[in-house]
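Novice: Residue numbers for the first sequence follow my numbering, beginning at 1 and rising by one.
Keep in mind that the hints were calculated from the coordinates and are not lab data.
Keep in mind that a hint or two might mislead.
[As the list claims (entries may be wrong)] What follows is a set of in silico ranges between Cβ atoms, one per label pair, in the way DEER data are often shown:
{"hint": "1", "residue 1": "Q233", "residue 2": "L179", "range": "34 to 42 Å"}
{"hint": "2", "residue 1": "N118", "residue 2": "K162", "range": "36 to 44 Å"}
{"hint": "3", "residue 1": "P232", "residue 2": "S183", "range": "28 to 36 Å"}
{"hint": "4", "residue 1": "Y134", "residue 2": "G110", "range": "30 to 38 Å"}
{"hint": "5", "residue 1": "D180", "residue 2": "E112", "range": "35 to 43 Å"}
[As the list claims (entries may be wrong)] Heads up, simulated BS3-like pairs for lysine-lysine below, C-alpha to C-alpha not over 30 Å straight-line:
{"hint": "6", "residue 1": "K49", "residue 2": "K140"}
{"hint": "7", "residue 1": "K228", "residue 2": "K132"}
{"hint": "8", "residue 1": "K85", "residue 2": "K49"}
{"hint": "9", "residue 1": "K61", "residue 2": "K85"}
{"hint": "10", "residue 1": "K71", "residue 2": "K120"}
{"hint": "11", "residue 1": "K26", "residue 2": "K229"}
{"hint": "12", "residue 1": "K49", "residue 2": "K139"}
Because the structure is a prediction, the values reported are computed rather than measured.
Ideal placement from N, C-alpha and C gives every residue a C-beta, glycine not left out.
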Amino acid sequence: MRIATWNINSVRLRLPQVFRFIQEQKIDILCLQETKTEDQYFPSEEFSKQGYAHQYFRGEKSYNGVAIISKLKFQENGYINWCNKDDCRHISVRFGEEVELHNFYVPAGGDEPDIVINPKFLHKIDFLNEMKSYFAEEKKTKKILVGDLNIAPLENDVWSHKQLLNVVSHTPIETETLLDIISSGDWFDVMRSITPHEEKLYSWWSYRNRNWEVSNRGRRLDHVWVSKKLFPQVKSGVIYRETRSWERPSDHVPVIIDIDI
DNA sequence: ATGGTGGAAGGTCCA
1 MRIATWNINS VRLRLPQVFR FIQEQKIDIL CLQETKTEDQ YFPSEEFSKQ
51 GYAHQYFRGE KSYNGVAIIS KLKFQENGYI NWCNKDDCRH ISVRFGEEVE
101 LHNFYVPAGG DEPDIVINPK FLHKIDFLNE MKSYFAEEKK TKKILVGDLN
151 IAPLENDVWS HKQLLNVVSH TPIETETLLD IISSGDWFDV MRSITPHEEK
201 LYSWWSYRNR NWEVSNRGRR LDHVWVSKKL FPQVKSGVIY RETRSWERPS
251 DHVPVIIDID I
C-alpha cells in the first residue's frame, strides 16, 4: 500500500498536478493539506473519475483544509477541533485491519517566535501540546500520522541550523515539543528512521527564493510517522522532490511511504 | 535589517 502526504496549497488550482502525481506514482491513499476550499467546491467527482472513490475532506474558504482520497475503502473516523477552533486542520480515517490514519495541518505560527506577543505562535504551541497529550494516552491502536507539521525538528532538516534557530519552524520550543510528541507517543519518524541524520532532508522550499534548486534553502516540514508496532511493515519512504520543478508548483513536495497493510 | 513570491480574494490575510 502506497500512502502519500502533500501540502498542495489550493487543491482546485493544482488539480492537474495532483492527478499527474497520483497516477505516475500509483498512490493508493493521498492526504492533502491546505486545500483552501469549502467542501461544496471540493473536486470530489474529478477524484472519483480518477479511481479514488473513497474520500473524506474538511475545508473552509481561503485557508487550511485537509482531505484524504483513496482507492481503498475506509471508514471515517472523524476529526478533532484542536484548540477549540473549527479551522479544518485535522481529519482521521480507519482502514484495513484497524489502522488509524491521521492527517494534520499544524498552524504555521506567524513570524515572531514569542508566545507573549504573537498569538499565532501561541496557537501553534498550544496545538502541539494538545497533540502530545492526545497521542501519549492510547498506544495500542496501530496508527499512521501524516501532514504538514510546520516544524523541521532536526539539525539537518533545515539548510542552516544556526541561522534558523530563531526562525519559526526550527526554534527549540517547537523542535523539542515535536520530538517529545514522537517519543511520548511511541512514534517512528519514517524518513529519519531510514535516512542517516547527517543527511539533509527537505520537503519545502520557499516561493520567495526564485532559484530554489540552486540555493537549496529548504526545510523538512512534512512528515510521516507510524506507531512502533507498524514500523516493521514500512518497506520504503521517499520525499518526492520532482513536483517542485513542475509548472506552477506547490512550495511543498509529497512524502511517500510503502507499507505492508 | 529587509524583502523577496504565491493563493484566495477582490480587503487583506496567510503562508
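Novice: Could you run down the list of hints and mark each one as holding or not?
Specialist: For each hint, the structure was consulted:
Under the hint 34 to 42 Å, the C-beta atoms of Q233 and L179, about 23 Å apart, miss the expected range. Range check, N118 to K162: about 22 Å between beta-carbon atoms, so the 36 to 44 Å window is missed. For P232 and S183, the Cβ-Cβ distance of about 19 Å falls outside the hinted range of 28 to 36 Å, so the restraint is violated. Distance hint for Y134 and G110: a CB-CB separation of about 23 Å, inconsistent with the stated range 30 to 38 Å.
Distance hint check for D180 and E112: the Cβ-Cβ separation is about 23 Å, which falls outside the suggested range of 35 to 43 Å. Of the supplied pair hints, the one linking K49 and K140 is violated, its CA atoms being roughly 36 Å apart against a limit of 30 Å. Proposed proximity of K228 and K132 is supported: the alpha carbons are some 16 Å apart, at most 30 Å. Of the pairs offered as hints, the one joining K85 and K49 is violated, with about 33 Å between alpha carbons and a cut-off of 30 Å exceeded.
Restraint check for K61 and K85: satisfied, since their Cα atoms lie roughly 15 Å apart, inside the 30 Å limit. For a cut-off of 30 Å, the pair hint linking K71 to K120 is broken: about 36 Å separates their Cα positions. Our distance criterion of 30 Å between C-alpha atoms is met by K26 and K229, whose separation comes to about 25 Å. The suggested pairing of K49 with K139 is violated, with an alpha-carbon distance near 37 Å, which exceeds 30 Å.
In this structure, the hints that do not hold are numbers 1, 2, 3, 4, 5, 6, 8, 10, 12, in rising order.
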